[in-house]
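All the letters of the sequence shown, read from the start, carry residue numbers 0 to 118 under numbering that gives the first Met the number 0.
Take the hints with a grain of salt, since some may be wrong.
The calculated SDA-like cross-link candidates involving lysine to any residue, where the alpha carbons are at most 25 Å apart (straight line), are [what the hints assert, rightly or not]:
1) 13 to 97
2) 103 to 39
3) 114 to 41
4) 13 to 55
5) 77 to 106
Label-pair ranges, simulated between beta-carbon atoms [said to hold, decoys possible]:
6) 44 to 113: 15 to 25 Å
7) 0 to 52: 25 to 35 Å
8) 48 to 94: 26 to 36 Å
9) 0 to 63: 37 to 47 Å
10) 113 to 51: 34 to 44 Å
11) 96 to 18: 37 to 47 Å
12) 19 to 94: 34 to 44 Å
13) 55 to 116: 18 to 28 Å
14) 97 to 19: 36 to 46 Å
15) 62 to 85: 20 to 30 Å
16) 55 to 80: 37 to 47 Å
Read the hints as simulated data drawn from the structure, not as lab findings. Beta carbons are placed, not taken as given, at the ideal position from N, Cα and C, and that holds for glycine.
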Amino acid sequence: MIVSYLKSKIHRAKVTSSDINYEGSLGIDESLLKAAGLREFEKVEVYNVSNGERFSTYLIREEAGSGRIGVYGAAAHKARKGDIIIITSYCGLTEEEVEFHLPKIVLLDEENKIKLVKN
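Construct the entire structure; sequences and hints are all you get.
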């Protein structure tokens with residue numbers, strides 16, 4: 000049996016821009032993507048701490064070191080500049096893999112800089 004488990008999480012990212020008229024979905028600073036083990040075009044779930052909205056989307060790369068977290072296209076209806084969000088991805092694991100799996104968790108400060116990486 001394959002079971003869904005948390006793969007990666009970026010915790011308490013601050014949305015730096017929101018644009019309904021932009022092609023794409025969720026832009027994340029490339030250095031944050033790498034720290035969390037996420038890839039461009041990967042599907043993610045987003046939980047908006049500020050307003051309770053939840054949505055699925057895919058990732059696009061923003062400039063490394065910029066601290067940018069941009070919510071674009073239809074997803075921009077769910078999150079605005081200044082909102083605090085949690086970004087998660089999940090993976091399918093066998094029962095044997097579950098025993099050894101540790102998700103990669105990236106905790107951010109108020110400026111979207113990495114405070115801590117856990118895994």
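Against the structure, the hints:
no. : hint                  : in the structure
1   : 13 to 97              : violated (31 Å)
2   : 103 to 39             : holds (17 Å)
3   : 114 to 41             : holds (23 Å)
4   : 13 to 55              : holds (17 Å)
5   : 77 to 106             : holds (22 Å)
6   : 44 to 113: 15 to 25 Å : holds (21 Å)
7   : 0 to 52: 25 to 35 Å   : holds (32 Å)
8   : 48 to 94: 26 to 36 Å  : holds (33 Å)
9   : 0 to 63: 37 to 47 Å   : holds (39 Å)
10  : 113 to 51: 34 to 44 Å : violated (26 Å)
11  : 96 to 18: 37 to 47 Å  : holds (39 Å)
12  : 19 to 94: 34 to 44 Å  : holds (43 Å)
13  : 55 to 116: 18 to 28 Å : holds (24 Å)
14  : 97 to 19: 36 to 46 Å  : holds (39 Å)
15  : 62 to 85: 20 to 30 Å  : holds (22 Å)
16  : 55 to 80: 37 to 47 Å  : violated (21 Å)
Consistency with the previously given hints fails for numbers 1, 10, 16, ordered from lowest to highest.
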